[in-house]
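Let the sequences and hints guide you as you build the complete structure.
Residue numbers (this note's numbering), protein chains in the order written: chain A, 5 to 151; chain B, 5 to 151.
Don't read these hints as lab results, they were simulated from the structure.
Please note: incorrect hints may appear among the correct ones.
One copy or any two copies: either way a pair holds, since identical chains are not told apart in the list.
[Claimed, not checked] Once the Cα atoms are required to be at most 25 Å apart in a straight line, the calculated SDA-like pairs of lysine to any residue come out as:
1. K43 / Q147
2. K106 / S145
3. K47 / H74
4. K106 / M33
5. K106 / R41
6. K106 / Y92
7. K106 / W93
8. K106 / V144
9. K47 / A126
10. K106 / D132
11. K106 / V94
12. K43 / A126
13. K47 / Q147
14. K43 / E142
15. K106 / A51
16. K106 / I38
17. K43 / V140
18. K47 / R81
19. K47 / R133
20. K47 / Q90
21. K106 / G146
22. K47 / C112
23. K47 / E91
24. K43 / W67
25. K43 / D132
26. K43 / A138
27. K47 / D115
28. K106 / Q56
29. K47 / D139
30. K43 / R89
A quick note: this is a predicted structure, and the numbers were derived from the prediction, not measured.
Number of protein chains: 2
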Amino acid sequence: MVGGIATLAEVSVTRDRRSTNGTTIGEAMLDPAIAARLKRDDKGLVAAIAQQYDTGEVLMLGWMDDEALHRTLTTGRCTYWSRSRQEYWVKGDTSGHYQWVKSVALDCDGDALVVKVDQVGAACHTGDRTCFDADVLEAVSGQPAAS
Amino acid sequence: MVGGIATLAEVSVTRDRRSTNGTTIGEAMLDPAIAARLKRDDKGLVAAIAQQYDTGEVLMLGWMDDEALHRTLTTGRCTYWSRSRQEYWVKGDTSGHYQWVKSVALDCDGDALVVKVDQVGAACHTGDRTCFDADVLEAVSGQPAAS
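Okay, here's the thing in structure tokens:
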């Protein structure tokens with residue numbers, strides 16, 4: 005029963021597991037060579053900065069565990085781990101505002117990613133293009149002392 | 005003794021305090037109206053994305069508590085909280101690779117900042133221009149289905 009075997013195999017690689025803090029997270033399929041370079045926080049997450057690939061706009065900051073990063077690397081669409089809802093979310097599944105992946109880079113100490121994307125419509129749930137559009141803080145501008 | 009009073013006042017506003025987890029952090033001088041909008045993690049920190057103001061390069065991801073954000077907003081140079089060394093660090097004080105602040109924006113849910121800066125030299129301690137230059141991950145490129 006070749007079909008049956010394939011189905012069993014598929015089930016076995018997509019099953020959920022329990023993390024140490026009791027939340028259900030996906031069985032990580034992430035390349036072990038990448039997984040070994042991640043420095044996760046105490047919830048198993050790394051920060052993921054989504055950046056519009058051509059304009060350079062920083063769109064939003066999300067969070068990824070190993071499985072979310074695996075899905076992002078392999079499906080062409082950003083998948084995050086929602087800390088508030090404790091579930092995976094594919095950006096755009098509800099809003100249509102997909103993030104099509106262009107490239108993914110890990111930082112020097114393994115705790116942050118830059119995901120360059122092509123953002124459809126608004127990245128922010130408020131309808132703004134980016135999550136950083138609405139609240140610009142008053143700041144002193146710095147500059148080198150004149151020499 | 006006017007000088008004496010001024011000195012006492014200065015001491016009183018720059019004293020250290022103990023946070024709930026026992027680490028020593030600065031007495032936060034941050035504008036209460038901004039502090040009220042921050043959604044800090046369980047260590048009292050928000051993520052701070054440093055971005056080169058003109059090219060749009062994402063340079064690095066650091067962490068700020070209230071005091072680090074206050075210093076960043078008021079001194080014109082980025083100050084972070086080092087999670088590994090448990091101390092404030094002014095970017096460039098050791099390396100000369102200052103980050104001169106151009107603007108600071110808080111995101112829609114208050115847990116991330118974009119700090120646009122003029123980066124002197126390398127942002128990364130490895131000597132790379134950004135912390136995301138060295139480890140580009142293999143990723144499937146996504147695109148909308150042809151309609």
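Hints, verified against the model:
1. Proximity of K43 to Q147 under the C-alpha cut-off of 25 Å is found in neither arrangement, the shortest distances being 34 Å within a copy and 30 Å between copies.
2. Only between protomers do K106 and S145 lie at most 25 Å apart by alpha-carbon distance; the minimum there is 5 Å, versus 33 Å within a single protomer.
3. Proximity of K47 and H74 under a CA criterion of 25 Å is satisfied intra-copy only: 17 Å inside one chain copy versus 28 Å between copies.
4. Proximity of K106 to M33 under the C-alpha cut-off of 25 Å is restricted to the intra-copy arrangement: shortest distance 20 Å within a copy versus 41 Å between copies.
5. Within a single copy, K106 and R41 get their C-alpha atoms as close as 21 Å, which meets the 25 Å cut-off; across copies the closest is 33 Å, which misses it.
6. Proximity of K106 to Y92 under the C-alpha cut-off of 25 Å is restricted to the intra-copy arrangement: shortest distance 20 Å within a copy versus 35 Å between copies.
7. In this assembly of identical chains, K106 and W93 lie within 25 Å of each other by CA distance solely inside one copy; the values are 19 Å within and 33 Å between copies.
8. Within a single copy, K106 and V144 get their C-alpha atoms only as close as 35 Å, which misses the 25 Å cut-off; across copies the closest is 8 Å, which meets it.
9. With identical chains, the CA atoms of K47 and A126 are never at most 25 Å apart, being 28 Å at best within one copy and 31 Å at best between copies.
10. Both within a single protomer and between protomers do K106 and D132 lie at most 25 Å apart by alpha-carbon distance, with minima of 22 Å and 22 Å respectively.
11. For the homomeric pair K106 and V94, the shortest alpha-carbon distance inside one copy (16 Å) is at most 25 Å, but the shortest distance between copies (33 Å) is not.
12. For the identical chains of this complex, K43 and A126 are inter-copy neighbours only, at 22 Å across copies versus 30 Å inside a copy, given an alpha-carbon limit of 25 Å.
13. Taking the shortest Cα distances, K47 and Q147 never come within 25 Å of each other, neither inside one copy (38 Å) nor across copies (31 Å).
14. For a Cα distance limit of 25 Å, the shortest separation of K43 from E142 across copies, 18 Å, qualifies, whereas the shortest one inside one copy, 33 Å, does not.
15. Taking the shortest Cα distances, K106 and A51 sit within 25 Å of each other both inside one copy (18 Å) and across copies (23 Å).
16. Taking CA atoms no more than 25 Å apart as the test, K106 paired with I38 passes inside one copy only; the shortest distance there is 18 Å, against 35 Å between copies.
17. In the homo-oligomer, the alpha carbons of K43 and V140 lie at most 25 Å apart only across protomers (16 Å), although the nearest pairing inside one protomer, at 30 Å, exceeds that limit.
18. For the homomeric pair K47 and R81, the shortest alpha-carbon distance inside one copy (23 Å) is at most 25 Å, but the shortest distance between copies (31 Å) is not.
19. Proximity of K47 to R133 under the C-alpha cut-off of 25 Å is found in neither arrangement, the shortest distances being 29 Å within a copy and 30 Å between copies.
20. Taking CA atoms no more than 25 Å apart as the test, K47 paired with Q90 passes in both settings, with 11 Å inside one copy and 20 Å between copies.
21. In the homo-oligomer, the alpha carbons of K106 and G146 lie at most 25 Å apart only across protomers (7 Å), although the nearest pairing inside one protomer, at 33 Å, exceeds that limit.
22. Taking CA atoms no more than 25 Å apart as the test, K47 paired with C112 passes in both settings, with 20 Å inside one copy and 22 Å between copies.
23. Taking identical chains as interchangeable, the C-alpha atoms of K47 and E91 lie at most 25 Å apart whether they share a chain (13 Å) or sit on different chains (23 Å).
24. For the homomeric pair K43 and W67, the shortest alpha-carbon distances inside one copy (13 Å) and between copies (15 Å) are both at most 25 Å.
25. In this assembly of identical chains, the alpha carbons of K43 and D132 lie at most 25 Å apart only when taken from different copies (20 Å versus 31 Å within one copy).
26. In this homomeric assembly, K43 and A138 come within 25 Å of each other (Cα to Cα) only across copies, at 16 Å, whereas the closest approach inside a single copy is 31 Å.
27. Taking the shortest Cα distances, K47 and D115 sit within 25 Å of each other both inside one copy (12 Å) and across copies (16 Å).
28. Within a single copy, K106 and Q56 get their C-alpha atoms as close as 9 Å, and across copies as close as 20 Å, so both meet the 25 Å cut-off.
29. For the homomeric pair K47 and D139, the shortest alpha-carbon distance between copies (23 Å) is at most 25 Å, but the shortest distance inside one copy (28 Å) is not.
30. For the homomeric pair K43 and R89, the shortest alpha-carbon distances inside one copy (23 Å) and between copies (16 Å) are both at most 25 Å.
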